[in-house]
Amino acid sequence: DAGVIQSPRHEVTEMGQEVTLRCKPISGHDYLFWYRQTMMRGLELLIYFNNNVPIDDSGMPEDRFSAKMPNASFSTLKIQPSEPRDSAVYFCASSFGQGILRKNTEAFFGQGTRLTVV
Amino acid sequence: QKEVEQDPGPLSVPEGAIVSLNCTYSNSAFQYFMWYRQYSRKGPELLMYTYSSGNKEDGRFTAQVDKSSKYISLFIRDSQPSDSATYLCAIHASGGSYIPTFGRGTSLIVHP
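Going line by line, the protein sequences match chains A and B.
Residue numbers for the first sequence follow our numbering, so the first one is -19 and each next one is one higher.
Residue numbers for the second sequence follow our numbering, so the first one is -1 and each next one is one higher.
What the hints contain is simulated information worked out from the structure, not anything from laboratory work.
All values derive from a computational prediction rather than experimental measurement.
Some clues are possibly wrong.
[Unchecked claim] Listed below are several chain A residues computed to face chain B (Cβ distance under 8 Å; list not exhaustive): (1) Gly22; (2) Tyr28; (3) Pro34; (4) Phe45; (5) Phe76; (6) Gln91.
[Stated by the list, open to error] Pairs of lysine to aspartate or glutamate residues, derived as EDC-like cross-links and limited to a Cα-Cα distance of at most 20 Å, are as follows: (7) A:Lys58 / A:Glu(-9); (8) A:Lys4 / B:Glu13; (9) B:Lys40 / A:Glu42; (10) B:Lys0 / A:Glu86; (11) B:Lys40 / A:Asp37; (12) A:Lys4 / A:Glu(-6); (13) A:Lys58 / A:Glu86.
Where is the CB? At the ideal position from N, CA and C, for every residue including glycine.
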């Protein structure tokens, strides 16, 4: 398997524009996580899905953020409208089982999307 | 105060040195402890995990947990330039969601 695939790798957009980040989890994984990483706040969980259903979105900062998982092999994170403070690296991760507990259920991270809002 | 505190560094050491990376946490319900390694412009990857106080060894890496002090450490022996990365501690409670709380990460630089 190619691992978790995120696109685009880099995104530069103007304030007010809509941004859509994409993620393809590892085949067979039933959990999918969206994280945001900044120097100031570190790695923050935004939302996670189990079997395509959103379980906890309490980390989503504002209504401008939304996430969907229409099927087991695809998820999107959308920011509309984008603001400069949304600039960060966004990671998608997937796991089999409620991961991260043991090596065989660990969450695998994608390479991230570096978002810059100017 | 964040639930998991970690000095961001950077920590710069010569090749061959013993490295000590540390985290403190505030929630005594935390029972599972992990260390992730993140190379520049990559996603984090799980390095080690443990769920008890004491030491756990894996090659040159040793994870140590002191629940009484709410303090966890990662030791790297005979550090190599390839160990240069950001190390994040991650901790979560025993019940309910197994979604961890991450520290901010410590940047480690091992110079030849």
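Okay, the hints, checked on the actual structure:
1. Gly22: OK, holds: A:Gly22 within 8 Å of chain B, min 4 Å.
2. Tyr28: Hint holds; A:Tyr28 Cβ to chain B Cβ min 7 Å, cut 8 Å.
3. Pro34: 13 Å, violated
4. Phe45: 18 Å, violated
5. Phe76: Result: violated, 12 Å to nearest chain B Cβ.
6. Gln91: 6 Å, holds
7. A:Lys58 / A:Glu(-9): 13 Å, holds
8. A:Lys4 / B:Glu13: This hinted pair is violated, its Cα atoms lying about 38 Å apart.
9. B:Lys40 / A:Glu42: Not satisfied, since the Cα-Cα distance of roughly 26 Å exceeds 20 Å.
10. B:Lys0 / A:Glu86: 24 Å, violated
11. B:Lys40 / A:Asp37: 24 Å, violated
12. A:Lys4 / A:Glu(-6): Between A:Lys4 and A:Glu(-6) the Cα gap is close to 26 Å, so the pair fails against 20 Å, i.e. violated.
13. A:Lys58 / A:Glu86: Violated, at roughly 26 Å.
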